[in-house]
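Start from the sequences, fold in the hints, and give me the full structure.
Numbering (the UniProt record's numbering) for the sequence shown: 1 to 163.
These aren't lab readings, by the way, just hints derived from the structure by calculation. One should not assume that every hint holds.
With a Cα cut of at most 35 Å, we get these calculated DSBU-like pairs of lysine-lysine [stated by the list, open to error]: (1) LYS36 - LYS61; (2) LYS82 - LYS61; (3) LYS86 - LYS61; (4) LYS61 - LYS85.
Across the chosen pairs, the derived CB separations fall in these ranges [stated by the list, open to error]: (5) ARG87 - ASP17: 17 to 23 Å; (6) ASN30 - GLY53: 25 to 31 Å; (7) ALA77 - ARG43: 28 to 34 Å; (8) GLU159 - LEU79: 44 to 50 Å; (9) GLU50 - SER70: 30 to 36 Å; (10) GLU90 - VAL26: 28 to 34 Å; (11) ASP155 - GLU20: 44 to 50 Å; (12) SER32 - GLN162: 56 to 62 Å; (13) LEU161 - GLU50: 50 to 56 Å.
Beta carbons are placed, not taken as given, at the ideal position from N, Cα and C, and that holds for glycine.
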Amino acid sequence: ARLAGAAMASLIEQQQDLLEGTGPIVIGVNGSTYEKYPTMHHRIYQSLAEWFGSQVSQRIKVELATDGGSIGGALIAMLAEKEEKKRLRETFVPEQRLIEDDEDKNTLPSQISVKSTPKKSVHAPPPPSLFGCLFGWLTPLKAKKEVVKVQGSLDLEREKLQT
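So this is what it looks like as structure tokens:
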């Protein structure tokens, strides 16, 4: 229950607008352990109350989500598609000029131009998203594997130089 509470706390913390807001923080939980274990709800809520304190924990509602796996998968797919479309829209912007053709005036965009993206601070994290909250752990894991590979390559080079 404490591990489940810690996972929920990490998701809530990544959504600063939830913490700073005043509305309810609703978490849907799916699974037979949560559903059938008699004190699971209470124990998860206790761990969240310890983590956030009474002011935030009073707003947290942990509710049973039936068929959550199917609905959650569809929701994640929808949000991922929405984020991808947004990213593409920000990168590729059709110009406002239209081709003037004798047969069909002002109907086709003349070209698609690449919009320059604003420079972002190297140290600023990206804004949180549901997709990032659920799968954000993959990026640091991949980066860690790359660091290990580079470190291994450096060790091999040192050994070659020493011999």
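Going through the hints against the structure:
Restraint check: the Cα-Cα separation between LYS36 and LYS61 comes to about 18 Å, which is no more than 35 Å; the hinted pair holds. The straight-line distance between the Cα atoms of LYS82 and LYS61 is roughly 27 Å, inside the 35 Å bound, and the hint therefore holds. This hinted pair checks out: LYS86 and LYS61 have alpha carbons roughly 30 Å apart, not beyond 35 Å. For the given pair, LYS61 sits about 32 Å from LYS85 by alpha-carbon distance, which is consistent with the 35 Å threshold.
The given range of 17 to 23 Å is respected by ARG87 and ASP17, whose C-beta atoms sit roughly 20 Å from each other. With their beta carbons about 27 Å apart, ASN30 and GLY53 fall inside the hinted range of 25 to 31 Å. With their beta carbons about 31 Å apart, ALA77 and ARG43 fall inside the hinted range of 28 to 34 Å. For the pair GLU159 and LEU79, the beta carbons lie near 47 Å from each other, so the given range of 44 to 50 Å is met.
At roughly 32 Å, the beta carbons of GLU50 and SER70 sit within the given window of 30 to 36 Å. At roughly 30 Å, the beta-carbon separation of GLU90 and VAL26 lies within the given 28 to 34 Å, and the hint holds. At roughly 46 Å, the beta-carbon separation of ASP155 and GLU20 lies within the given 44 to 50 Å, and the hint holds. Checked against the hint of 56 to 62 Å, the C-beta distance between SER32 and GLN162 comes to roughly 58 Å, which is consistent with it.
At roughly 53 Å, the beta-carbon separation of LEU161 and GLU50 lies within the given 50 to 56 Å, and the hint holds.
Every hint from the earlier list agrees with this structure, and none is contradicted.
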